[in-house]
Amino acid sequence: MLHSDRLFPADADSRAVARRLYAKIKGLPIVSPHGHTDAQWFSGNQPFPDPATLFIQRDHYVFRMLYSQGVPLEKLGIGQARIEDPRAAWRLFAENYYLFRGTPTRMWLNFAFHELFGLEQILSPATADRYFDTIVEKLAAPEFRPRALFERFGIEVLATTDSPLDPLLHHQSIRASRWQGRVIPTFRPDPVVDPDFDGFAKNVATLGALTKEDTSTWKGYLRALRLTRERFQKLGCTATDHGHPTAATADLSASAAESLFAKIVSGQASAEEKELFRAQMLTELAAMSVEDGLVMQIHPGAFRNHNQKIYQKFGRDMGGDIPTRTDYVHDLRPLLNRYGNEPGLTVILFTLDETSYSRELAPLAGHYPCLRLGPAWWFHDSPEGLMRFREYTTETAGFYNTVGFNDDTRAFLSIPARHDVARRVDCSFLARLVTDHRLDEEEAVEVAQDLSYRLVKQAYRL
Amino acid sequence: MLHSDRLFPADADSRAVARRLYAKIKGLPIVSPHGHTDAQWFSGNQPFPDPATLFIQRDHYVFRMLYSQGVPLEKLGIGQARIEDPRAAWRLFAENYYLFRGTPTRMWLNFAFHELFGLEQILSPATADRYFDTIVEKLAAPEFRPRALFERFGIEVLATTDSPLDPLLHHQSIRASRWQGRVIPTFRPDPVVDPDFDGFAKNVATLGALTKEDTSTWKGYLRALRLTRERFQKLGCTATDHGHPTAATADLSASAAESLFAKIVSGQASAEEKELFRAQMLTELAAMSVEDGLVMQIHPGAFRNHNQKIYQKFGRDMGGDIPTRTDYVHDLRPLLNRYGNEPGLTVILFTLDETSYSRELAPLAGHYPCLRLGPAWWFHDSPEGLMRFREYTTETAGFYNTVGFNDDTRAFLSIPARHDVARRVDCSFLARLVTDHRLDEEEAVEVAQDLSYRLVKQAYRL
Amino acid sequence: MLHSDRLFPADADSRAVARRLYAKIKGLPIVSPHGHTDAQWFSGNQPFPDPATLFIQRDHYVFRMLYSQGVPLEKLGIGQARIEDPRAAWRLFAENYYLFRGTPTRMWLNFAFHELFGLEQILSPATADRYFDTIVEKLAAPEFRPRALFERFGIEVLATTDSPLDPLLHHQSIRASRWQGRVIPTFRPDPVVDPDFDGFAKNVATLGALTKEDTSTWKGYLRALRLTRERFQKLGCTATDHGHPTAATADLSASAAESLFAKIVSGQASAEEKELFRAQMLTELAAMSVEDGLVMQIHPGAFRNHNQKIYQKFGRDMGGDIPTRTDYVHDLRPLLNRYGNEPGLTVILFTLDETSYSRELAPLAGHYPCLRLGPAWWFHDSPEGLMRFREYTTETAGFYNTVGFNDDTRAFLSIPARHDVARRVDCSFLARLVTDHRLDEEEAVEVAQDLSYRLVKQAYRL
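Chains as they are written, first to last, in my numbering: chain A, 418 to 879; chain B, 418 to 879; chain C, 418 to 879.
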């Protein structure tokens, strides 16, 4: 199921180079600076649940594909606190596993099935029960507990993504424990920065209560954000993350920003004012990053909850988020004109719009000292997508304005698979440069190491 | 002129896989669910006309390229009921045949020249007359009549594209004949749905007359459309087709829709109201599809008749239609929020904007159960274009949210060539997945068969 | 440092074809119809300055990358009339040369270092001084003077880019000299056509003074432009060039154009009116091209001076120009509807937005007789960018609606390297078509020669 040459170039020369490059980096530790695992797994260290919950219910890559082919979400246990009949859901998954041919999801799953659970035949109706039973049995063993897997995976550092309202108790508990695993939070202020976020007004009030600041005033609100960033930093946080609908930034005068905030907290703001507020906040947060050194990640361009009925029935993150066109050149200019040349600032840009790679992102990152390019993201962190990222950005931005790989996942068991895919694709890209004599092989080894390990630590200040 | 390995990957391993895959599917019947052939050819079964009329005058791929290099359309017989001097036009074509190097048009033509007419040297001034005489001679033979070619091509079903005002007499006549060829109509209501269509008001009135409904009222108009769909279905129709300038859809209240229709039939509607009407009609037609089971095809994004002088002199379809950017995410949302989760509905999306493949179309089709992706279309149903379609859609939507190949052609003789190119490209793509160990070869065989034959029948309910 | 097979395909068969194709064209003369070299170099024929000035200070590809990684521009001598410590700047460059891995800049530089200066080890801190001393020494030799290099490079014709306000004294002096090198001007009227250009009003007045026309009136202004074009043509000019922010064109009535001009010269025009004036001027200039036969080049889509602080401190062309989305389909229509079918007109389109290749530019150029596609430009004249240009345009526009390569450079020493990269990429693309049997090898040889030499001379009327 897992050939040792998978994802390497087809021609013999390049394949041989890719093999040699990969051999040098496959054993490097995993640095995962951006993801959505749950700190509680590592504080509590309880066994993972049954296979259906673990691999289907928690992975929107999996259930969105099944849903697209007419499988009702209810039959997959979506929306259920506990899947009623995990084996039935698993069998349904197995019947439809052929749908994933050609997708990265299948590569990640096969990797976990084979490497972790020792399963060697592809998942199908015939093997469904054997899979289920094997996984259940293994998950019960101590070496499949979260901390043991963390160590087995060779993870050097793992960042979660956290609300400013999160007390980070599990992070505290991890640090208080004797366990040496480095799990750190990321400051993701969307719930208190995006007026369209569910419960925004209440969130802002809660932020005030948590920080003992009057967040109904602009200055109190900003102070509350600063204090919360400090609290995160004490628990190892080195980065912030911002998931806005667009890349819009603004650079209002202090008084205009204050008036806008008043309008926002009044609940009377128009759609345009809300967008302007998000835009202004990116610039305010950049100012804070200049002060406190937190690295900024901007993840724009998802149309959230596109499928209204699914959202109403099942809530967020149900596979209905769809990418949109994103304009970085005009949208980022206010922030960049204010802070783009600041020596201490790092802003990592992500995109769901691949057309921006060569047209906007690589030219911007190839000029502004504060900018770095995040890796191919979400729909695009796949073999073809990762390869396109390199093909479309390297010639203008080089390798050294990029920051290694982000797995960006809730699916903890897929982390080694995802990094492995990224490393293989990078080695294949580099092998091609070696074979057509754009790079010497010894330089390529150095670049491969930088892309797998060094650049991510440098960019995220880890 | 036609190497048996054409379009297969260059490296030896992948090429060998591609050969084996192709051997398994090359003989499968052709299913052509979307095209622009003329039912009269198969009802009348008369010989095709001279080579210039057949290959130049009727193929805008051919004459647009010649025109782009300064060949006057008049010299190619464009706009003439009957080409005055077909041999002169043919010689002019032969002189300029080098212009088609690297284009799919040349591949399709070479295939027909070689496979059908036994011509083995490339078309050039030196071979022009031999080509002309050979083709004239062969076209006169009984085995070159439309029905004989239909059978020789191995066509299982061929769909035409038809106006709701068309009495479909030729379709009736085909069904009434003893000939077994399956030629079916497609319901393309643009002439009565698009207020900018030539003669729209008259068309709506004619629709009323044909159906004995009062199409000056909203309800009568909708009933007339339903009745016409029924009439089409009785002649084998399984699908509708909608060629709108954008992908805009709307979901107005019944009364708002009724008022809008009144404004439209008054002839006083603004450009925005016309666009809104087209948008609303896509949703109305989706509602009808939910009822009667006709599969919907949406083909948006062509700027029609861009070259005004050519349009004024020669009319529509003269090579002056140019693709534009298309936004599926926002535009389709009203329709999808209304009917996107309907189990019985199938909507097949096409695009002329390749940037939408990975950003919009694959994510949408990888989530909504009603959506499927039509193949690379028009300017993009070429070797590079078909390959990009797979590279950009498979990882997010998989193979099973796609529907096989559409030849979309008026050029009947090019049908086998076009399907052959698509099959070869799919086999090459699959071969690459096999060679880099993303797919087993036996799975790839199954996928190749699905892409060539099974999926199109399933999606179009054939 | 320079392998003879560089940039050729990886598989053995295609590589062998590429080698054979390249062998046929590598010795063809260089035709450089669009660039930014300085005519003074060839009139004065003085030695080039020190290595840092030559390779760093004058090449924004180089210093933008260094700046993006935190190297202060001041340390590279940017903004200094004469670099204070060229050796220090050079060492800093050498330390950071690894940043250029995978970029075309490195390929171009390595080519010059190796082919011109005989340097064989890659630039690094260890080799920095040897590089510096070797280059200094060689630059002092007579065979490194501009005219000698022009001849050594095998340049048949070299076009500069010139303001209508330039008296073209150096061009006159070259023609008056006994030197046979063909260096010709290009008419680039942006300074007197773009109301947002620095000093626009003064420029228009100067244009009047130079031509003895009253450029405060619309008719006088147009006459002044016509007279200036004539003056350029007398010095060998065959083309104009237009670097507008968008591709917008307009087709106003004579009186509306006249009123708009009055508003523009009054200095009271709005941003929209300025954009409309640029748009109208493209159509006016097309009219002049129909009359006088100058080939029009349109280079739209750069957001100039995106980084305000750098612009304020160092001025234009400091690496802060960023591509933007460009819409050719709607924007060019007014011009094309007016002059698109004119037999005598040639308009060459360039883009910084690769998404327009297959969606807009190839369909437009594959239809309108006046249109040709300029090669991959600026950020995209790189191995991957040049290959994408062919992959995305050939199937719709063919090879013969393209015009060969433009080096578009200020870096005179990089000209042979840039043409060499373009020729190698074209041979690799053609080799692929030969290997997968889309083209015969003898046809591919002809196409390779056309792309390297014949088409550029034909399109630019050289």
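Do not rely on the hints blindly, as some may be mistaken.
Given that identical chains are not distinguished, each listed pair holds provided it fits within a single copy or across any two copies.
In silico DSBU-like cross-links for lysine-lysine, where the CA-CA straight-line distance does not exceed 30 Å [to be verified]:
id, residue 1, residue 2
1, K636, K726
2, K629, K691
3, K726, K691
4, K492, K443
Bear in mind the hints are in silico, worked out from the structure with no lab data behind them.
Structure-based check of all given hints:
no. : hint           : result
1   : K636 with K726 : between (39 Å within a copy, 28 Å between copies)
2   : K629 with K691 : within (25 Å within a copy, 53 Å between copies)
3   : K726 with K691 : both (24 Å within a copy, 29 Å between copies)
4   : K492 with K443 : neither (39 Å within a copy, 39 Å between copies)
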